[in-house]
Structures are given as structure tokens and as C-alpha cells.
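A.B. asks: Given next are the chains, with one letter for each unit.
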Amino acid sequence: MESSELERFEAVVLPHLDAAYTLARYLTRNDHDAQDVVQDASLRALRYFHGFRGAGSAEGRAWLLAIVRNTAYTWQRRRRADTLTTEFDEERHSESVADRHPEATVEATSQRAALRRAIDELGPEFREVIVLRELEGLSYKEISDVAGVPVGTVMSRLARARRRLEEALCADPEDC
Amino acid sequence: MTHSAVAAQLDAYLDGELAAPDAARLERRRRALSAALRDQLPRFPAPDTLRAGVRAGVRAEAGRRARRRAPSWGALAVAASLALVAFGSRQLALRGAAGEAITNQVLASHVRSLMPGHLTDVLSSDQHTVKPWFNGKLDFSPPVYDFAGAGFPLVGGRLEYVDGGPVAALAYRRRQHVINVFLWPADRGRTAGPRAATRQGYHLLHWATPAYAYWVASDLGLAELGDFVALLQRGDSAAAAVR
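Top line first, the protein sequences correspond to chains A and B. Throughout the first sequence, residue numbering follows numbering that gives the first Met the number 0, covering 0 to 175 in sequence. Throughout the second sequence, residue numbering follows numbering that gives the first Met the number 0, covering 0 to 242 in sequence.
One chain only, chain A, in its complex shape:
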């Protein structure tokens, strides 16, 4: 790889490491795995970089996030070689964000804690659309590219995920 191409790669990819790590962290629900996933994904990105035709920063971000997502799923599959399903085992892998924060016990009744628990309990296909839409502000089209599903599926997954989260936020159903 020529140094000019390396520089271009770094300019495209390195600014989006926070977004990459956030997505990996939500998908793996674990700091260590998330770091490994992003490290691995960045090398994969380098390998596929010659095929990247985008120019803008937004395109670079969506492109990197797609690779991070696929890497995370590959990791989880490899971990669970006993079954062929891509679904996460909620019992075994529920290392919830809330559990890992000591302050969570203090604010167990707070909205924030309820939200963290609720998102951890979502299936990964719902968690990723929420992170991509609400935290990263990706468009439906970009999410469809990252997740590799049609825009219609993105919309229905978002709707379902939001309904579940709204429920979690409403302690008193009469308010909602």
C-alpha cells in the first residue's frame, strides 16, 4: 500500500473510531470484545479499502460501521459455534450495561437505568438500528446499507424497537 493511500485510509476511518466502538460496544455488550472487534474490523477495512468509492465523511462512517457490524456478528457466531443461529443468547450473553455500572444500583429506578436495561434486552437486530438512528443519526438508507436489509425492514425494526423502549420508559401506562 502506498503511503498516500494509507493516509487516505486513515483520514477516512480514524475519525469514526468513536462511532465504531459505540456500535461494537452495544452489539457485544462488553468492553474487551468491542475493542477486539474494532481492531479486527479496521484491518478488514484496510483490506477492502480499494473497493471503497466514497468521498465524504458520512460515506466513510457508514462503510466502516457496516464492517464493524459484520465483524461483531462473525465474532458472536464464532463464540457460539454450537448453534448456527445468529441470534444472541439473551441468558448467557446478557452482561447488561446497567449491571456493569455501579451507579446503576443507585439509579435503578431512574429513566436512564430503565433505558439501558431495555436496550440491552433488545435483540441485536433491534439494538443496532436504534444505535445507528438515534446515536449516530444515520438515514434509513444508510442503516439499510450498514445492516444489509431493505429500508422497509429498517423501518419496521425501528418501530418495534421504539415501542419496546417507550414501554420501558413508561412506569405508569396511564401517562403514556
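Please note that a few of the clues may not be correct.
Calculated from the model, a selection of chain A residues having no Cβ within reach of chain B, i.e. all distances over 10 Å [claimed, not checked]:
no.: 1; residue: Ala19
no.: 2; residue: His31
no.: 3; residue: Arg76
no.: 4; residue: Arg115
Derived contacts from chain B toward chain A, CB cut-off under 7 Å, selection only [said to hold, decoys possible]:
no.: 5; residue: Ala34
no.: 6; residue: Arg37
no.: 7; residue: Gln39
no.: 8; residue: Arg42
no.: 9; residue: Phe43
no.: 10; residue: Pro44
no.: 11; residue: Ala45
no.: 12; residue: Gly52
no.: 13; residue: Val53
no.: 14; residue: Val57
no.: 15; residue: Glu60
no.: 16; residue: Arg111
no.: 17; residue: Pro115
no.: 18; residue: Leu122
Selected chain B positions facing chain A (Cβ under 8 Å, derived; list incomplete) [as the list claims (entries may be wrong)]:
no.: 19; residue: Ser33
no.: 20; residue: Leu36
no.: 21; residue: Leu40
no.: 22; residue: Leu230
The hints are simulated quantities; they were obtained by calculation from the structure and are not laboratory data. Ideal placement from N, C-alpha and C gives every residue a C-beta, glycine not left out.
Assemble the complex: chain A is given as a structure, and chain B must be docked to it using the hints.
C.D. replies: For chain B alone, kept in the frame of chain A given last:
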């Protein structure tokens, strides 16, 4: 409100049959949820070690690929050595090759240390924790400094294996840049190597004091790395003056 009730309301809303106040309430709820998610879901900034590890991994991989395509560096090195031998500078060639080997080992150790979880065996910014940690692991007690005041905080230490022996590696930090200091007793033998080299985007600096052979590796800019080296050298000469 149950799911199906929400779904029914949404349908009514889209059909234009929902009473205005209900439609407004539906919209308000959706905006409130998005705001709550944006404000309250944690974001996870990439840790410094990950950032450094990605950069190191990418550069190492890019370097490997460049070497595969370019004419073999091994062949070039052999040709260069032969040229030097032909000049009658056999000693120089041997020294150069030895220095090259150490340079490569230091670079490899540095890059490996940047991968997640490899930077430190003892993680502490306290020099009085890091220095004693080497007791029983090395046959020398490396000088460990705390330059936090000068903007180079100590991160920790670990053992490395360079030039056929165990050496002390100390990790310092400057903003997001990791600086590795490798050192071993000067009396262990040759302290060959260039005084400064840049490989794969990393700067490697080398010097020797009467007591130790030093190598410093980092992606930090040379000017600031030079400041750091000056701090180390001042620390050592102060220690020597006390002795």
C-alpha cells in the same frame, strides 16, 4: 397504552382520522423518546489504547503489504551489506546489521504493545509501584520517573525480550500517543543501532548512558519526543550526580 393500541393509533394517524390532540400527543411521545435516547444512552468513546492499537495495526499491515509488492527488502539489505563488505568495512556492516536487528525488535515490541491489553504488565502511574515490580524479574532495577507534571504521565511497565535478553519496558503517555522506553544495562554488550530512525510512521531514538542502553519508540512528533528524551536524560544525570 398497549402495543396494539399504539399501532391502531398510528394507523388512524396515517389515515388522517386521529383527533388533532391525539395526533399531537403521538408526535410528542415519539420526539420525547428520541430525545431521551440521545441524551441518556451512553456513547462509548474509543479508548486511547484502542486508538493507538488500530493505528499501529493498520500501519503494520500496510507496511507488510508494501513489502510484498516492492522488491524484497531482504535482497536490498544483502546487496547493501555486500557493497559495504566490498568497501572493506566488514566491521561496519556487521554492526549495522546488528543495529538493524535491534531496531526491528524494538519496533515490533512497540507495535505489539499497542494492541489491546498488551501495553503493561504492571499498570500504575506511581513510579514507586512500577520500579519495585521489576524486582526478581530483571537483574537490574530500571530508573522509573514520573513526568506527569511535564505532560508525560507514566502508564506502567512490562517485560520485553530484546537482543537476546529480558529488558525493561516503561510506557509513558503524551495525550493520545504512547511512548515506550526500552532499557537494559549498558555492560550487557554492544549497544549498536542508529541514533534515530523512522519506521512505519514510528520514531525510534537510541542512546546509551554509562549505565543503560536506551531505546524510545512512539508515534509522537519528533520535537515533543525530543523533549521527553531530554527529561529522561536529565533524570538520569541527576541520579548519577547523587550517586
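A.B. asks: Please name the hints from earlier in the document that this structure breaks, with their numbers sorted from lowest to highest.
C.D. replies: Those not satisfied are hints 1, 2, 4, 5, 16, 18 and 22.
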